[in-house]
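Participant: The chain contents come next:
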Amino acid sequence: MKSPRLLAFLLVTLPAFAQADRTWILDQSTLTYHMSHPLHEVDGVSHAGRGKGVCHAGQCDFLLAVQVKTFDSGDTNRDLHMLQVTRGAEFPIVTVRFRLPETSIDSPTLDCDLDVQFAGNTAHYAHVAFHQVIEGNAHHITGTVPSTLSDFKIDPPSFFTVPIKNDIPVRVDTTWHQQ
Amino acid sequence: MAIARSFSAIRFKDLFKNRRSVTLLAENKQQQSRGAIKPRGSGRDDASFVVFRQVLRLSLGAMGFAVFFAMVPLLAAQTTVPPADELRADVDSAFLPNAPTPTEAVLSANDLPSPAMAFLNAGLEQQASASVLIAHQQNPQQAPQQTPSSSAPSLGDLGLTPDQTKPDPDTQARLDRRTHMLKVHQELGLYTVIPIVAACISGAGATPSKNNYTSTTSRDVHVAIAGVGIGMYAATAYYAIRAPRVADGPTRGGIKIHKYLIWIHAPGMLLTPILGTMAFNDIANGHKPSGIEQYHSAVALTTAIAYGASIIAVSWPIHLKF
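Order-wise, the sequence lines are chains R and F.
For what it's worth, my numbering labels the leading residue of the first sequence as -10, then goes sequentially.
For what it's worth, my numbering labels the leading residue of the second sequence as 3, then goes sequentially.
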C-alpha cells in the first residue's frame, strides 16, 4: 500500500527538482557612459559586453561584464585618461550583478537591484527600472544606471582646472535570448 | 642645410668682425692714452660700451631663463602625485572592516567615577551617531550586497580569459606616469602662451624705427622674452615626448590634429630664433635685414598661430554649457 503512494509522490515531485536550469545569454549590448563638463559633453560607448543569466529555484541570477578599455569616446587621449582615472588596468572589468524572480522575467518593466563592481569598489543601486520588449526569443532590455564617480571613489578629472560632473549615467541597451 | 650654412657663416663673420672691432677699439684707446690720436666723441664706439652691451644682453637672457627654470620645478611639484596615493586602491574598500570602537564594557562604572562615565557615554554616543551619518552621506546607495547563489554565473562562464581579467599594475603605473607628465605638458603649454604672445608684441617694437639702429633695448627685451618662450616650449615638448606610450591602436580625435600641428610649430620654433639672430646682427651692423632673415616675423607669427591652433585642437569639440 505504501509503495504505490511513495511512487506517485516521487513521480510528482522529482521532475520539479530535476527541472533543468534556464540559461540566458547576452546577444548584443551597447553600454554608453555620459560625461559632462562645462566645455565638453562626451559619450563613451562599448559594444563588448558579455552576459549570462541562470535561473534556478525560481530565482534568476544575471551577470554582465565589460572590459573598461573597450569604451570608446572617439578620442584616444581621453580614453587613456579615463582608463588611468578609473584604474582600468588594475581593475580591468566592470561587472553588474542582479537577481530577478523567474516569474517577472517576461514583464515589460524590470525592477532590478544592481551590484556594480568598478574601479575596485562595489556600489549597490536599488530599484533601477529597465524596460523590456520581447520579440520572439529576443528580449530587448534598456535602461540607465544612475552611477556617479563618488560611488566608486573616483577623483573627478579636470579640464582647465574645472572638474567634470559627478554624475556618470550609464545607458544600457541589451538583447538577451534564452538558451 | 643652406640656411644653417649661411647662418653659421654670418655668425662667424660677425664674431670675427666684433672681435676685430673690439681689438681696433682697444688699440685706439691705447693710442688715445699715448696721445697719438684724439678721442672720438661717441661713447658707442668705446670698447667698454660694447662689452657692457653684451653683458646687458646676456643678463637679460639669463634673467629670462632663471624665471623659466624656477617655474618648471614648481609646476612639476604642483602636479606630482605621491606614489603612495597612486597604488593604494588594490583593496576593495567596501569590504574593509570598521575600526574597533570602545564599548561600555571596557569603560565600566567600577573603574570611573559616575560624572566621568556619563561624560564618556555621551561622547561615545555622539561619535557613533556622527560616524553613521557620515557613512550615509558619503555613499547613500551603498547597501548590503546581494550574495550570489551557487548557481550564479561567474566571469569564467562569460568566456573571459584570465589575461583579460587579471590586474596589470605595470600598465596602471605607466598610465599614472603618462597622465602626470601630460598634465605638466598641458599646464606648461598654457603658460607658454604668455611669453609667446609677449614676444610677438615686443617684436613689433623691436624693428629699427626711422633708421635708428643705435638703440638695442627694445630688441634685447624681445630677445629675453622670446628666449623664455622657447625655453618653456622646449620643456613643454619634453614632457609630451617623454610621457610613456600606452595605446597601440590608431590615434583618434582632437589629439590627431594636435600632433599634425607639431610639424608646423616645432620647426617654426627652431627657425624663428635662428632668423631672429640673423636679423639682430643685420640691424646691429646698421642695415635692414635682407635675405632669409627678413622672414623672421612671418615665421614667428605662423609658429605662434600653429601653437594656438594646437591648443584649441586638443580641446575640440568644445560645447559651452554653464
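Mixed in with the good hints there might be a few duds.
What the hints assert, rightly or not - Here are the computed lysine-lysine pairs in the DSS-like style, where the Cα-Cα straight-line distance is at most 30 Å:
id: 1; chain 1: R; residue 1: LYS154; chain 2: R; residue 2: LYS142
id: 2; chain 1: R; residue 1: LYS154; chain 2: F; residue 2: LYS258
id: 3; chain 1: R; residue 1: LYS142; chain 2: F; residue 2: LYS168
id: 4; chain 1: F; residue 1: LYS261; chain 2: R; residue 2: LYS154
It should be emphasised that the hints constitute simulated quantities derived from the structure, not laboratory data.
Participant: Tell me the numbers of any earlier hints that the structure contravenes, in ascending order.
Facilitator: Violated: none.
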